[in-house]
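A.B. asks: Each chain, letter by letter, is given below.
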Amino acid sequence: MILVVNRGRFLLPHKMPKLYIFVTCEKAITDSEGLSSLIALFNELTVFIPEGATPPPPNAVVAKDWAIFSSWEMEPEDEGKEFREFFQVLYPNDTPFAQEISFPFRAVAGKKYNQVIALSKGFPIGQQGRYAVQMRLEQDGVKIFGPVVIRMDVKYTPVPASSAASAF
Amino acid sequence: MRYTCPVCGYPRLPYPPRDYHICPCCSTEFGNDDAEFSHIQLREMWIAGDARWFFGNPPPYWNPWLQLIDAGYTNIVPSWKTQTTASAIVAKTGSRLDFSREPWQVSPAA
Numbered sequence: 032m033i034l035v036v037n038r039g040r041f042l043l044p045h046k047m048p049k050l051y052i053f054v055t056c057e058k059a060i061t062d063s064e065g066l067s068s069l070i071a072l073f074n075e076l077t078v079f080i081p082e083g084a085t086p087p088p089p090n091a092v093v094a095k096d097w098a099i100f101s102s103w104e105m106e107p108e109d110e111g112k113e114f115r116e117f118f119q120v121l122y123p124n125d126t127p128f129a130q131e132i133s134f135p136f137r138a139v140a141g142k143k144y145n146q147v148i149a150l151s152k153g154f155p156i157g158q159q160g161r162y163a164v165q166m167r168l169e170q171d172g173v174k175i176f177g178p179v180v181i182r183m184d185v186k187y188t189p190v191p192a193s194s195a196a197s198a199f
Numbered sequence: 006m007r008y009t010c011p012v013c014g015y016p017r018l019p020y021p022p023r024d025y026h027i028c029p030c031c032s033t034e035f036g037n038d039d040a041e042f043s044h045i046q047l048r049e050m051w052i053a054g055d056a057r058w059f060f061g062n063p064p065p066y067w068n069p070w071l072q073l074i075d076a077g078y079t080n081i082v083p084s085w086k087t088q089t090t091a092s093a094i095v096a097k098t099g100s101r102l103d104f105s106r107e108p109w110q111v112s113p114a115a
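As you go down the protein sequences, you meet chains A and B in turn. Quick note: the first sequence uses our numbering, first residue 32, plus one each step. Quick note: the second sequence uses our numbering, first residue 6, plus one each step.
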């Protein structure tokens with residue numbers, strides 16, 4: 032499923048941020064007032080392989096801008112607390128692609144939602160199958176939420192060499 | 006202070022890329038190798054040799070292609086035509102909604 036909209040499920044009993052949106056897209060834009068626009072949500076990537084060409088090597092990465100967008104609904108009790116959100120992409124065989132990245136955010140009074148956007152310039156295509164975009168939330172080094180996962184399918188599709196040549 | 010290798014884009018050189026320092030990633034010796042070849046030529050040579058890590062063990066989950074892309078050397082990275090699509094599970098019915106087809110098609114739950 033590409034979109035997780037969570038109104039309190041999976042949460043620990045004590046007060047903490049609630050995951051509101053967790054999604055992958057090609058672009059996430061945030062305006063000066065903090066409003067976000069998500070462009071081209073996706074959870075499937077088709078790679079066109081010219082007939083006769085060798086498939087991508089296991090560590091292949093295609094140059095592609097994409098983003099992981101998450102939004103947290105903050106509780107009044109969260110004010111002043113600092114959280115850190117971690118993201119990790121896993122290959123279909125569960126090995127990590129690139130290093131785990133993390134972003135800190137602090138709950139601010141009067142700000143109901145906190146958004147975290149992780150940007151990447153490359154997408155792994157070295158394995159066909161179902162990738163996982165994993166996310167968890169920590170507070171003071173202790174996991175308080177997650178991991179939750181977005182599944183991303185990478186498929187290879189053969190195309191005639193002539194049409195591929197014109198497309199490249 | 007960290008420096009970026011102008012050949013392979015490795016972003017954690019402990020020294021500036023000059024004065025005979027050697028990049029642990031692509032093995033370029035600055036002041037020597039790049040006196041003979043341009044950085045672009047050295048990059049092409051590194052990639053022609055499968056873009057392997059040179060000295061010791063690479064950082065965990067190191068990927069040469071992502072490093073090149075992050076450094077802005079996208080044009081030299083092997084490319085494939087790709088297309089992204091989205092689908093979602095309709096929560097109420099468990100059916101699969103395929104946004105890539107027009108009009109949208111709903112397949113029965115698996």
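It cannot be assumed that every hint is accurate.
Below, a sample of chain A positions facing chain B; criterion: calculated Cβ distance under 10 Å [to be verified]:
id	residue
1	Ser68
2	Lys95
3	Phe117
4	Phe118
5	Ala149
6	Lys152
7	Pro191
8	Ala192
Pairwise CB distance ranges (calculated) [stated by the list, open to error]:
id	chain 1	residue 1	chain 2	residue 2	range
9	A	Leu150	B	Tyr8	39 to 49 Å
10	A	Gly111	B	Arg23	24 to 34 Å
11	A	Val173	B	Pro65	31 to 41 Å
12	A	Pro88	B	Glu41	28 to 38 Å
13	A	Gly141	B	Asn80	15 to 25 Å
14	B	Gly77	A	Phe134	18 to 28 Å
15	B	Tyr8	A	Lys143	26 to 36 Å
16	B	Glu41	A	Leu150	49 to 59 Å
17	A	Pro88	B	Ile45	54 to 64 Å
18	B	Pro64	A	Gly160	21 to 31 Å
19	B	Pro65	A	Gly141	54 to 64 Å
What the hints contain is simulated information worked out from the structure, not anything from laboratory work. Beta carbons: idealized from backbone N, C-alpha and C, even for Gly.
A.B. asks: Evaluate each hint against the coordinates.
C.D. replies: For each hint, the structure was consulted:
Here the hint on Ser68 of chain A is broken, as its CB sits about 16 Å from the closest CB of chain B, past 10 Å. Proximity of Lys95 of chain A to chain B holds as hinted, the smallest CB-CB distance being about 7 Å (cut-off 10 Å). Look at Phe117 of chain A: its Cβ only gets to about 14 Å from chain B, farther than 10 Å, so that hint breaks. The interface hint given for Phe118 of chain A is broken, as the beta carbon of that residue sits about 13 Å from the closest beta carbon of chain B, more than 10 Å.
Checking Ala149 of chain A against chain B: minimum C-beta separation of about 14 Å lies over 10 Å; hint violated. Taking 10 Å as the C-beta cut-off, the interface hint given for Lys152 of chain A holds, the closest approach to chain B being about 5 Å. Here the hint on Pro191 of chain A is broken, as its CB sits about 12 Å from the closest CB of chain B, past 10 Å. Taken as an interface hint, Ala192 of chain A does not check out: its beta carbon lies about 12 Å from the nearest beta carbon of chain B, beyond 10 Å.
The hinted window of 39 to 49 Å between Leu150 of chain A and Tyr8 of chain B is violated, with their beta carbons roughly 23 Å apart. Between Gly111 of chain A and Arg23 of chain B the CB atoms are about 46 Å apart, so this pair departs from the stated range of 24 to 34 Å. At roughly 23 Å, the beta-carbon separation of Val173 of chain A and Pro65 of chain B lies outside the given 31 to 41 Å, and the hint is violated. Hint check: Pro88 of chain A to Glu41 of chain B, Cβ distance near 29 Å, so the stated range 28 to 38 Å holds.
Range check, Gly141 of chain A to Asn80 of chain B: Cβ separation about 46 Å, and the 15 to 25 Å hint is violated. For Gly77 of chain B and Phe134 of chain A, the Cβ-Cβ distance of about 22 Å falls inside the hinted range of 18 to 28 Å, so the restraint holds. For the pair Tyr8 of chain B and Lys143 of chain A, the supplied restraint of 26 to 36 Å is violated, since their beta-carbon distance comes to about 42 Å. A hinted range of 49 to 59 Å is violated for the C-beta pair Glu41 of chain B and Leu150 of chain A, which are about 37 Å apart.
The hinted window of 54 to 64 Å between Pro88 of chain A and Ile45 of chain B is violated, with their beta carbons roughly 22 Å apart. Against the hinted window of 21 to 31 Å, the Cβ-Cβ separation of Pro64 of chain B and Gly160 of chain A comes to about 25 Å, which satisfies the hint. Taking 54 to 64 Å as the suggested C-beta distance range, the pair Pro65 of chain B and Gly141 of chain A does not conform, at roughly 40 Å.
In terms of the numbered hints stated before, the structure departs from hints 1, 3, 4, 5, 7, 8, 9, 10, 11, 13, 15, 16, 17 and 19, listed from lowest to highest.
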